[in-house]
Structures are given as C-alpha cells and as structure tokens.
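S.K.: Generate the whole structure from the sequences, applying the supplied hints.
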Amino acid sequence: MDGDREIQAHDGLLNVLNTLSTGGCSNKLPLDRVSLQEHRQLLHDIRRGAGEAHGITAEQVQQLLAEADKREYHDLLRAWLLWLNELILTRRLLLARPQLLVEWLLERAAQDSVVDELQLMHTLLKSLPGQHLQSFWPILSILSLPQDAEAALLLVMCQETVYVELAESEDPKLSQYLANNLLQPHYEGRWVSSQSEKLPLLLAHTLQLLQKIVSKNADYAEQHAPELMGCILAHLTYAACGENPAKLHVPRRVQPAQQAAAYGAEEEDQSNSSHNKSSSGGKRNKVRKVRPRQKQKNGPSGDAAHSIPQERLLLLSNIDYGCLTGDTEACTLSDSEAQQAAPKALRQQQASVRISALHLMSALTKQLPRRSLYGYWHVIFPSDEGSQTHHLLHLAKNDANSRCRALALQLAGQLLYGSKGYLSQAHSRGPCTFTPFSVSLARSVMTVYRSLTSILDREYAPPVLTQCLKCLAILVQATPFDHLEMGFVYEFVLPVKRLAKTGGNTPVTVAALLVMEMLVATPRLTQEMACAVGLCPSQRMEVQLEGLHLQHNEEQEREHLLELCDSEAEEENEHDHEQKHGQGQKQRQEQVDPPKRLTEQPSIPRNSWLLRMVLRYLNCPTTEPPLRLECYQVLLAMTTHIGLLRKQQAHLGRVIASGLMYANADVRLHAARCLDSMGYQMGRALPEPSDRDLELSFWLGLLPHIFAAFCAEAAPGPLKCALCDSLSNIGAVTFEDLPTGLRRSLVTFLSGCSSDDAEEPLVRAAALRALAVFAHHPSLKANLVFVENVAELTLRLTSDTQMAVRIKAAWALGNISDALLAGGSGNSERVYDELLDRLIQTATKCCSDHDKVRANAVRALGNLLQLQLDLFRYLFFV
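The UniProt record's numbering puts the sequence shown at residues 1 to 878.
Just so you know, the hints here were simulated from the structure itself, not pulled from any lab data. Keep in mind that this is a model prediction, so the values were computed, not measured. Treat each hint with caution, since some may be false.
[Said to hold, decoys possible] Pairs of lysine-lysine, DSS-like flavour, derived with a Cα cap of 27 Å:
| # | residue 1 | residue 2 |
| --- | --- | --- |
| 1 | 366 | 420 |
| 2 | 344 | 198 |
| 3 | 126 | 198 |
| 4 | 397 | 420 |
| 5 | 173 | 216 |
| 6 | 497 | 344 |
| 7 | 344 | 397 |
| 8 | 216 | 344 |
| 9 | 173 | 366 |
| 10 | 397 | 366 |
| 11 | 781 | 852 |
| 12 | 247 | 126 |
| 13 | 344 | 366 |
| 14 | 247 | 420 |
| 15 | 366 | 497 |
| 16 | 501 | 397 |
| 17 | 420 | 344 |
| 18 | 70 | 212 |
| 19 | 501 | 366 |
| 20 | 198 | 212 |
M.R.: Now the structure itself:
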C-alpha cells in the first residue's frame with residue numbers, strides 16, 4: 001500500500017516535469033533546460049539510491065524546492081513534497097543533514113502553513129533522533145494554529161512529536177505559551193462550523209498535547225484551571241450519543257465555587273479513632289481502606305499485617321483502563337439509528353476526542369490541590385437531577401462508546417477518592433429561607449448515588465459495570481450516611497445484590513461485593529443500612545445505629561426488608577447444600593468432647609442475604625480465587641458489627657477452615673486475617689451462656705487447620721503472623737474451656753515458634769505476642785515457670801533490627817510485667833533476681849527507642865520497679 005502511494009507520487013512528479021518542459025502550463029513559463037536537468041538528475045539519483053545515503057543531501061533538495069517556490073511553480077513544489085514524504089515514510093530515502101530541510105520548512109510554516117509542507121515536516125521530525133529535535137522547539141512552540149483544520153492538525157502533531165522528546169530542563173514559558181495558543185482557537189469558536197473530516201483528529205491531538213503540557217507544568221494547570229476545565233467540558237459530550245453531524249460547543253471559562261476557598265487540606269485517616277483499640281495486645285480491628293498504589297506497603301510490619309497487599313484489587317489502578325476495555329461501539333437502544341448512520345471510523349475518531357478530554361481532566365485534577373479541585377465539584381458532578389448534561393456521570397450514562405463510559409466512571413472514582421473530609425460537610429435538613437452549602441452538597445451526593453444506580457440498572461457491558469461498582473464503593477466509603485436522609489441506600493443495594501448474585505462475570509461480582517464491603521465497614525450504621533446489610537431488628541441493639549431518621553417510614557422499611565430477603569427457593573437450596581455437607585461436619589464434631597459438642601447448626605436468617613451469598617461462594621469449589629478473596633474481605637468487614645455473624649460460628653468455621661487449606665496463598669492469608677478479626681471481636685466481651693459452646697466448637701474445629709496451615713511447606717511469613725495473631729484472640733473463657741492437653745499443645749507450639757532462630761523475626765514476634773496474651777489467662781497467670789519462659793523469649797527479640805519486631809517485643813514485655821505483678825500478690829513463688837535485673841535493664845534500654853517501643857517500655861519499667869520494691873519489702877520486712 002505504501003509502495004503504491006510512492007509510485008503514484010513519483011508518476012505525478014514526472015507528469016508535472018513533462019508538462020513544464022513542454023510549456024503545457026498556461027500561466028507559467030516552461031522550465032529552462034538547466035533547471036529541468038537538475039530536477040530530473042535529482043529524481044534519478046534518488047531512485048537509484050533505493051534507501052541508501054547516495055550522496056544526496058537535504059541542502060540539494062532544499063535548493064530545488066526553494067527555486068520552485070521562488071518561480072511560483074506550485075504544482076512542481078507540491079509534487080516534490082508528496083514524493084519526498086512517501087520516500088521518507090517508506091525509508092527509501094536517507095537524507096544527509098535533514099535538519100536543514102526542517103529549518104526551511106519551519107520558516108515556511110511561520111509565514112503560511114501549507115498542508116503538504118507540514119506533512120513533510122512531520123515525517124522528517126519523526127525520522128530524526130530525539131536529541132536533534134530540541135533545537136526546533138523555540139520556533140515550533142510559538143507558531144499559531146492556522147485556520148485550515150488539516151493544516152492545524154499537522155502542526156499540532158509536529159509540536160507533539162518534539163514536545164515528548166524535550167528534556168526536563170526546557171523553558172516552561174515556551175510550553176505555557178503553546179498551551180495558550182492551543183486554547184485560543186477553541187474559545188474563538190474557530191472550528192465550530194467546520195465540516196472537515198480531520199476535525200475530530202485535530203481536537204483529539206490538541207487535547208492530548210494539552211494533557212502532556214499540564215502533566216509537566218503544575219503552576220500552569222493551577223493558574224489556568226478555569227480555561228482548561230471549560231475546554232474539557234466543551235469536548236466531553238462531543239458526539240457522545242452518536243449524532244451525525246457532531247456538534248462542537250464553544251468553551252466557557254468555569255469559575256470555581258466560593259465555598260472551596262475556605263476549605264483547607266483534609267487529613268487522611270482521621271476516622272480510625274480509639275474505639276477500635278483492643279485490650280488484648282494493643283491491636284486494632286482494621287477496616288480496609290481504598291489506597292492508591294503509591295501508598296501501599298510491601299510486606300507486613302506491625303499493624304500492616306492487616307493492610308491490603310499490593311496484588312489486591314485496586315480501585316484506582318491505571319487511569320488508562322477505560323481505553324483497554326475493547327473497541328465496542330455499543331450504545332443504548334435509543335441511539336441505535338444514529339449509530340448506524342455514522343461510519344465506524346468516524347465514530348472511533350469522535351470517541352477519541354472524548355477520551356482525550358477525560359485524560360486531560362485526569363491530568364488537570366492531579367495537578368490541582370484539593371481545595372482548588374473541590375471548587376469545580378459543581379461542574380464535574382451533577383448538582384441536581386436533570387440540571388446539567390456536561391458532567392462525568394452524564395457521559396458515563398449516555399455515551400455511545402463503552403470505552404468512554406468506563407473511563408468516565410474510573411475518572412469519577414479517582415476524583416471521589418480522598419473526598420471524605422469534603423463530603424462530611426453534607427447534611428440534610430428541613431426547609432429554610434435559603435439553601436445552605438451543606439444542603440446543596442447533600443443533594444449533589446444523593447444525585448451522584450442515583451446516577452450510579454441508574455447506570456447499574458441499564459448497563460450491560462462488564463467493564464463499565466465493574467468501573468461503576470468501584471466508583472460506587474469509593475463513594476460509599478466517603479459518604480456521611482448519618483447526616484443524610486433515608487431512602488437512597490435501598491436504591492443502590494438492590495441492583496448491587498442482583499449483580500453480586502449472578503456470578504457469571506467474576507470482576508463484576510467482585511466489584512459488587514466490594515460495594516457491600518465498604519457499606520458494612522461503615523463504623524456507625526443507620527437503620528436503613530442495618531436493614532440493607534441483613535441485620536434483623538432484634539440484633540440492631542448490638543451495634544451503633546445513628547442517623548437523622550428523616551421521613552422514617554416503618555411500613556416502607558418492611559417492604560424493603562422483604563425485597564432484600566432471599567426467596568423461599570433460595571432458602572431451600574441453601575438447606576440442601578447444608579445437608580450435602582452435613583456428613584463431613586458430623587465427623588468433625590465427633591472429635592469434640594460430648595458435653596461440648598455442637599449438636600445442631602442454627603440456620604441463617606433469610607434477611608442475612610449478604611452472609612448467605614458469601615458463604616455460598618466460599619462453599620462452591622468452582623469459585624475463582626479473586627472472588628474468594630473478596631468474600632473473605634466482606635466477612636472481615638462484617639466482623640466490625642458482630643451482630644451480623646451472631647450464632648453462625650459453625651458456618652464461618654467451615655469456610656475459614658477450607659480457606660486455610662486452599663491452594664492459593666493469597667486465599668489462605670485472607671482466611672487467616674478473617675479468623676484473626678473474628679476471634680478478636682468474639683473475645684472482646686464475655687460470651688453469653690448460649691454462645692459459649694458455639695465459640696468452643698468454633699475453635700476446636702479450627703485449631704487442627706491452623707496448625708496444618710502453619711506447618712505447611714513454604715508457608716509465607718505473613719500467613720504465619722496472621723495465624724499467631726488469631727491464636728492470641730482466643731478469649732480467656734474459651735481458652736479455659738479447652739481440654740488440658742490442647743492448651744498445653746498451644747503453649748508448646750507458640751513457644752517453639754518464638755524460640756526458633758530459623759523462623760522469620762516477625763513470625764517469632766507474633767508468636768511471642770500470643771504467649772504474652774496467654775499469660776493473663778487464669779490457668780497460666782499463676783504459672784511462674786510459664787511467665788518466666790515467656791520473659792526469656794521476650795529478651796531475645798527486644799534488640800532486633802526490625803522496628804515492627806521491637807514494637808511487638810516491647811508490648812509483650814509490658815504484658816509480662818503486668819502478669820508478674822499480678823501473680824506476685826498472694827503467691828509465695830518469686831521471680832529470680834537475675835531475670836528481674838535483666839528485664840529492668842532491657843526495659844530501660846527500650847525507653848530510648850522509638851515512641852511506639854518507648855510507650856510499652858515505660859509501662860514495663862514501672863511494673864518491674866514496683867515488683868522489685870515488693871520483693872524488697874517481702875525480704876526485709878516480713
């Protein structure tokens with residue numbers, strides 16, 4: 001194909017030369033014999049070269065072209081430009097010193113931009129090495145865009161080719177001047193009435209070049225944000241519904257809202273307050289947070305054992321995802337006729353304009369500080385239903401291209417991330433004489449929820465559904481539900497439940513469960529949220545329920561509850577599934593002592609649809625690992641409201657045991673973390689008499705699987721740490737109910753793990769922490785030999801090089817000192833002096849370490865000095 005174009009261009013040049021030699025051109029004199037011979041000789045030399053640098057220099061070509069232009073032989077000049085362009089494209093001509101020809105073309109472009117000259121210049125620029133392009137930038141950057149759309153496109157492509165090769169040290173004023181030149185024609189409406197086929201390409205390349213400039217010039221982005229945002233919004237709906245011809249809007253500057261001026265930078269992670277602290281080990285029951293890729297940590301350290309690993313599903317990974325969802329040009333039914341009228345190639349070019357606008361918005365919002373970004377909330381997101389069409393969610397709902405819809409939703413999620421501090425100002429109130437900002441923001445949040453719900457109801461493309469659910473999950477995490485009126489939670493939970501139950505597309509199902517995970521993980525549930533996640537009214541007293549309860553309708557709540565409950569057919573299927581696995585469960589129960597055996601498994605209530613769904617996926621052998629991971633994450637979030645899991649220990653123990661034995665290492669790790677959090681929540685309070693046997697059976701069934709998973713070949717360190725942490729959460733009551741032999745096995749297992757020099761230090765520290773927790777149990781508190789053994793193990797780890805190990809060892813030292821002090825009263829046995837001196841010296845040394853180490857070291861030092869004082873009084877005054 002390229003060869004055919006080159007032959008056609010060559011034949012065209014020959015025809016022009018023949019015409020000029022015979023005087024066939026009516027308004028031009030024929031070429032003189034010398035000039036004609038020069039042209040023919042150069043043509044012959046180029047053809048003979050066939051891709052080799054055959055002594056042909058750019059200076060020769062430039063002189064002939066300049067002569068043709070001077071004599072106004074425009075046809076000859078155009079023929080030469082076309083043929084040279086094809087030769088260089090096909091690499092059949094290698095010019096020496098091509099920079100001279102580029103400089104001549106630049107001079108021509110500064111006077112009058114001609115399409116053929118710009119085309120040749122673009123081809124030459126692409127063929128040059130990157131280090132040779134920087135010299136052309138000062139001239140290229142100040143060239144204004146011509147009136148002709150095709151010529152403007154070629155000039156923008158030339159500028160983009162050079163800009164991407166610039167070094168970081170280039171003068172930012174030149175690129176800022178270029179950005180202003182790119183914006184000016186759009187605000188003038190230069191191409192509003194243009195019918196050029198190249199217009200979509202011109203718009204796309206202009207937006208792409210602006211994106212590159214904005215990404216490298218944060219100051220320019222902040223200073224010219226109103227102009228850039230106006231340009232983005234004008235192109236965001238360009239042919240979005242497949243209309244033909246496409247309508248181009250003239251941009252308008254977008255002024256930021258005044259409310260954002262007083263809004264300061266928000267602080268991350270303030271909501272993790274002290275109500276999550278544990279009395280057993282200083283641990284926190286952490287809820288997963290949506291973290292950007294750059295903030296995630298590799299490997300556990302301290303409390304990071306509960307953080308999400310790098311390979312977990314990320315909500316904000318790779319902003320280019322929307323462009324990788326395929327080339328589907330599907331649209332809604334109302335747009336099908338318009339789609340058929342426009343050619344596919346044109347639709348793709350028009351879609352590239354909207355995609356480029358979205359990428360430019362992404363680059364702009366990344367450069368803006370938060371307080372400036374929230375000033376544009378009213379134009380990025382809808383402020384009221386049907387009030388405007390130039391916003392992201394309108395594009396995500398109505399765009400004819402699935403790639404654009406997916407990318408718009410992904411960008412919306414990126415902008416919503418970190419907005420919890422801003423959205424906390426939203427508040428629903430009664431009517432008043434004016435509309436406060438908090439009420440306007442609350443209405444906007446409700447409109448965003450309804451827009452996302454509408455997308456879930458009508459969308460069918462899996463990539464778009466996945467992005468919509470991820471965006472919804474981010475919004476759920478940032479929403480102050482207790483400040484908003486009731487009703488909207490049911491609206492989005494119902495389609496999310498429908499998508500989660502299908503199971504046909506794993507990414508969609510995982511994203512749907514992610515939404516429910518974020519909803520369940522909300523620290524304070526409203527009445528509506530409690531009903532939506534499956535918390536029956538009798539259990540709602542066990543969790544914190546807050547909210548405005550505006551327009552609270554008990555009859556409406558009952559209707560929503562019935563709609564969310566699983567059907568009788570689903571309950572029968574669940575019952576059949578339980579009977580299928582009943583034999584294996586019965587065999588496991590026979591290993592338990594008869595007085596303590598769980599004789600009957602309570603059924604799961606119909607309203608607990610989320611728990612039933614998660615257990616069904618975990619019990620299914622064909623469930624894929626990503627879906628299993630998210631199911632364990634949902635269970636982990638449900639443990640924050642233990643009423644959701646009340647009396648379901650038998651079902652939970654079975655799925656956790658199967659997870660600990662699963663082949664995939666990530667699944668085993670998440671099952672262990674789920675067990676850790678569940679055990680922590682169960683051990684926080686004294687179990688009721690009816691729950692005591694359930695908890696005992698829960699741990700008796702899981703302990704063999706814990707030991708097996710820990711001792712498995714190539715078990716990773718994070719898994720071992722999580723298993724040791726889960727063992728530390730066996731409550732004192734349950735621990736005392738365990739058989740004596742099993743208690744001894746537990747202590748022996750943890751002691752061996754913490755004293756094994758071949759084990760990872762973090763694993764040893766986790767086992768030591770579990771032993772320090774056991775030291776407060778009644779049967780071990782009075783056992784001075786056990787306490788002294790744990791103290792000896794603690795001394796080995798307090799000087800480790802890893803900070804996380806020293807923190808755990810210092811906490812264990814503080815707990816051991818508490819146990820020694822409590823066990824010393826009324827006990828004739830005393831810790832021997834040499835060990836006590838070493839403990840005091842170690843605690844004193846730790847007081848000069850990191851703050852987290854020092855806090856526990858000071859506690860331990862105080863206890864040890866009190867113990868030494870008591871020992872002194874006992875020896876000398878008794």
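S.K.: Against each hint, give a clear statement of whether it holds in the structure.
M.R.: Here's how the hints hold up against the structure:
For the suggested pair residue 366 and residue 420, the alpha carbons sit about 17 Å apart, so the restraint of at most 27 Å is met. Taking the CA atoms of residue 344 and residue 198, the gap is near 15 Å; set against the 27 Å cutoff, the hint holds. Our distance criterion of 27 Å between C-alpha atoms is met by residue 126 and residue 198, whose separation comes to about 20 Å. Of the supplied pair hints, the one linking residue 397 and residue 420 holds, its CA atoms being roughly 24 Å apart against a limit of 27 Å.
Under the criterion of a C-alpha separation no larger than 27 Å, the hint pairing residue 173 with residue 216 is consistent with the structure, at around 12 Å. This hinted pair does not check out: residue 497 and residue 344 have alpha carbons roughly 36 Å apart, beyond 27 Å. Proximity of residue 344 to residue 397 is assessed by CA-CA distance (about 21 Å); at most 27 Å being required, the pair is judged to hold. Between residue 216 and residue 344 the CA atoms are separated by roughly 34 Å; this puts the pair beyond 27 Å, and the hint is violated.
Restraint check for residue 173 and residue 366: the C-alpha separation of about 21 Å stays at or below 27 Å, so the hint holds. Between residue 397 and residue 366, the direct Cα distance comes to roughly 24 Å. Compliance with the 27 Å bound is thereby established for this hinted pair. At most 27 Å may separate the alpha-carbon atoms for a hinted pair to count; residue 781 and residue 852 meet this at roughly 26 Å. In summary, the hint linking residue 247 to residue 126 is not supported, as the alpha carbons are separated by about 33 Å, beyond the 27 Å threshold.
Only pairs whose Cα atoms come within 27 Å are accepted, and residue 344 paired with residue 366 is rejected, the gap being roughly 33 Å. Restraint check for residue 247 and residue 420: the C-alpha separation of about 37 Å exceeds 27 Å, so the hint is violated. Pair hint residue 366 plus residue 497 does not hold up; C-alpha atoms about 33 Å apart against a cutoff of 27 Å. Between residue 501 and residue 397 the alpha-carbon distance is near 23 Å, which keeps this suggested pair within the 27 Å criterion.
Of the supplied pair hints, the one linking residue 420 and residue 344 is violated, its CA atoms being roughly 42 Å apart against a limit of 27 Å. As the CA atoms of residue 70 and residue 212 are separated by approximately 39 Å, the hinted pair breaks the 27 Å bound. Our distance criterion of 27 Å between C-alpha atoms is broken by residue 501 and residue 366, whose separation comes to about 36 Å. The hinted pair formed by residue 198 and residue 212 meets the criterion: a straight-line CA distance of about 21 Å does not exceed 27 Å.
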